[in-house]
Amino acid sequence: GQQLNQSPQSMFIQEGEDVSMNCTSSSIFNTWLWYKQDPGEGPVLLIALYKAGELTSNGRLTAQFGITRKDSFLNISASIPSDVGIYFCAGQVTNAGKSTFGDGTTLTVKP
Amino acid sequence: GAVVSQHPSWVICKSGTSVKIECRSLDFQATTMFWYRQFPKQSLMLMATSNEGSKATYEQGVEKDKFLINHASLTLSTLTVTSAHPEDSSFYICSARALPRDETQYFGPGTRLLVL
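As you go down the protein sequences, you meet chains A and B in turn.
Note that this note's numbering gives residue 95 to position 95 of the first sequence, counting from 1, and the numbers run on in steps of one.
Note that this note's numbering gives residue 67 to position 67 of the second sequence, counting from 1, and the numbers run on in steps of one.
I should point out that these hints are in silico values taken from the structure, not numbers from a laboratory.
Honestly, I wouldn't trust all of these hints.
Non-contacting residues of chain B with respect to chain A, defined by C-beta distances greater than 10 Å in every case (computed) [what the hints assert, rightly or not]:
| no. | residue |
| --- | --- |
| 1 | 19 |
| 2 | 53 |
| 3 | 76 |
| 4 | 105 |
In silico lysine-lysine, BS3-like type, Cα no more than 30 Å apart, as pairs [unchecked claim]:
| no. | chain 1 | residue 1 | chain 2 | residue 2 |
| --- | --- | --- | --- | --- |
| 5 | A | 98 | B | 41 |
| 6 | A | 98 | B | 64 |
| 7 | B | 66 | A | 70 |
| 8 | B | 66 | A | 98 |
| 9 | A | 98 | B | 55 |
| 10 | A | 110 | A | 98 |
| 11 | B | 41 | B | 14 |
| 12 | A | 70 | B | 14 |
The structure presented is a predicted model; accordingly, all values stated were derived computationally and were not measured.
A virtual CB, placed ideally from N, CA and C, is assigned to each residue, including glycine.
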């Protein structure tokens, strides 16, 4: 089946620093999604990308849908302690809505 | 908008019993709901896709007789873990698609199941 390679696996940064994480795949996706999951809770949608090349922002978060349709990145600017959590990328091929999830990036922000 | 709830939020049961988990879309109609399983420090694993009024589609390796899914209405899907065993202990998360408003999935808060 399809797999997503998400990196880095974990990040330890200082408050105020910028963060970048990405997902790559050997196959094409038509939708890329980025979620954040806090401990013991379900994932919360951060950004959805529907077109190749699309660059979308949500506050301090910016995500891009790669031109090749095989990758996406998420940037967080000026990190704050509440950014701590696990960030997942997810790709969808069809409108059926089935998502393939990356393994997640665990972000730790030191005050 | 696009709120999904799950009940219960956590459950402890004895081995051999069955447990039912509910997933509700509170402010939208969800023709499709998805059930995921997540082990500690791991990603979400799709178990099945649930369409209102029809049989669920299970992913490879997921026992449909073990994990019974019912999507009886446009706002409710249930997952029943039958004859639960300790290895079924996990975090179960549902999601729903708010079509035709958008194609993205909105996740519930999850249900933590512990089988003793």
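| said: Output the indices of the hints that this structure fails to meet, ascending. | reply: Numbers 4, 7, 10, 12, in rising order.
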